[in-house]
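Novice: One letter stands for each residue in the lines below.
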Amino acid sequence: MVVKLGDIELKNPVIPASGTCGFGQEMSEWLDLNCLGAIATKGTTREARYGNPVPRIAECGATGMLNAVGLQNPGVEEVIRHEMPALRRLYRGPIIANVSGFNIEEYAYVCERMDKETDAAILEVNISCPNVHNGGMAFGTSPEAAAEVTRAVKAVTTKPVFMKLSPNVTDITAIARACVEAGADGLCLINTILGMRIDLRRRQPVLANRYGGYSGPGVFPIALRMVNQVHQACPDTPIIGCGGVSSAEDVIEMIMAGASAVEIGAAGLRNPKACQQIIEDLPNVMQDLHIAHLRDIIGIV
Amino acid sequence: MKQSKWHIESNACIAEKVWKMVLRGDTTGIVPGQFVEIAVPGYYLRRPISVSDVEGDRLTIIYKTVGKGTAVMAQMQAGEELDILSCLGNGYDLTKAEDEVLLIGGGVGVPPLIYLAKQLRAQGKRVQAVIGFNTKNEVFAEDDFREMGCDVTVCTMDGSYGQRGVVTDAIELPAPFYYACGPLPMFRAIAQTVGTNGQMSMEERMGCGVGICVGCSIETKSGIQRVCKEGPVFNAEEIVW
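Same order as they appear, the protein sequences are chains W and B. Per this note's numbering: the first sequence = residues 1 to 301. Per this note's numbering: the second sequence = residues 302 to 542.
Just so you know, not all the hints are guaranteed correct.
[Claimed, not checked] Listed next, the in silico DSS-like pairs over lysine-lysine satisfying Cα-Cα at most 25 angstroms (straight line):
# : chain 1 : residue 1 : chain 2 : residue 2
1 : B       : K321      : B       : K365
2 : B       : K306      : B       : K369
3 : B       : K306      : W       : K273
4 : B       : K303      : W       : K273
5 : W       : K4        : W       : K116
6 : B       : K318      : B       : K365
I should point out that these hints are in silico values taken from the structure, not numbers from a laboratory. Values in this document were obtained by computation on a predicted structure and should not be read as measured data.
One chain only, chain W, in its complex shape (with noise of 0.2 angstroms):
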């Protein structure tokens, strides 16, 4: 089952997205860490964030839900003073920090100052995130702006900077050449889809953000598809493949469309323990299907 991500060695594939295990104390009381491909943290700024007013959560059916949290967040010292420390006492595997900004400068303080912190394995930069004003998402929608944050990153760390991608584009693949143009050492995609539900009885939107992101079963035909064009469209360069993945047989079906990791992040709402579900499923399913290594079958379609 094992994988890796650049020079980066994970012992299976599969991986709590980031902003659905928080720092892992609380998903430590119910799986193993240890089991974990990795584990890719709550998205961090500069200073602390509260997020968006409730509701924040609604629902999408059997098909997933919307989140509009907006990068609630203790901020990025007390992240290094606290967080990471007691994060890798309960964890020995690779550490994905999550970083996002609101301008140019702020991603790439946020990850000079995670370049520092020995237990970051990897920096994932979200340029992707539709719930925040003037920051977030803005910068993973244009490829010129992409390259830009990407730039400003890698000045600043020697660490492997996975540039984590927005769906809500015309063509995601200008934006992920544009990134690995820029210097980004991986991918990660999708984040959530823009959408909306309304309250019928109220006649407002259900979220008081009016919008959120889309995410769970509804959105893996549409991240396998992205998932499928940047692997074509960038061959040499890692994907961690997000969105939707609930089941060992969707792993393989990501894998299958050109990633080399997959990130886990509604199912495990539904599900706590679902990670560790899957990655006991995963062998079987791997046998059923005569895998003998996941690395054989990387965009193998």
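With the hints as your guide, set chain B onto chain W.
Specialist: Showing chain B alone in chain W's frame:
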């Protein structure tokens, strides 16, 4: 947090759009004021529902059919199985209760107070329950409190049953330490007229219910708190109105 399978023993309508479901499973560790998260077939997010009673291996929940998910729950039959996360949230702090306590409930905020009343009565406390509903057809739990030996006052907004008006009209001041559960406007009225010498159980739309998505965070006087994890029960003085 515990995840396990539960069997439905009974599921019956006890008032307008209000259902009582008794489930059998592993009840160990569940305290008053906590909630469970129920995976409803066909719906993605679990339904957070307060614990209304625990007796041996029986868990009682009382829920209102407010949407399609709870409507599916109302259709479920005895013998069917549900996947449930239990022991969620902090629960009420029983050590704050003096010899006499006040329980204040509004609508489907009443259920968690039933299990709380049971434990307070077991400790020998004198319990006064003031419960409010919109109208007579929605009234439930009155007998539950009475059978436990609580002093019960029922209020209805339209005066069709019990005392006319809202719960705060029926509370004698000064009131003893209170435990409350109900809608936000009720909490506001309590804070204004009864004061903040009490605990309130808050409600918020949740993603996970176990503290990892921070979807239900609220700003309190002691900082950002997750309703599902640090709550749902908060000291009334902590709440920012």
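Novice: Take the hints in turn and mark each one as holding or not.
Specialist: Status of each hint after checking the structure:
Taking the CA atoms of K321 of chain B and K365 of chain B, the gap is near 9 angstroms; set against the 25 angstroms cutoff, the hint holds. Pair hint K306 of chain B plus K369 of chain B holds up; C-alpha atoms about 22 angstroms apart against a cutoff of 25 angstroms. At most 25 angstroms may separate the alpha-carbon atoms for a hinted pair to count; K306 of chain B and K273 of chain W meet this at roughly 14 angstroms. The suggested pairing of K303 of chain B with K273 of chain W holds, with an alpha-carbon distance near 11 angstroms, which does not exceed 25 angstroms.
Using a Cα cut-off of 25 angstroms, the hinted pair K4 of chain W and K116 of chain W holds, with the two alpha carbons roughly 23 angstroms apart. Only pairs whose Cα atoms come within 25 angstroms are accepted, and K318 of chain B paired with K365 of chain B is accepted, the gap being roughly 5 angstroms.
Consistency with the previously given hints is maintained throughout, with no hint failing.
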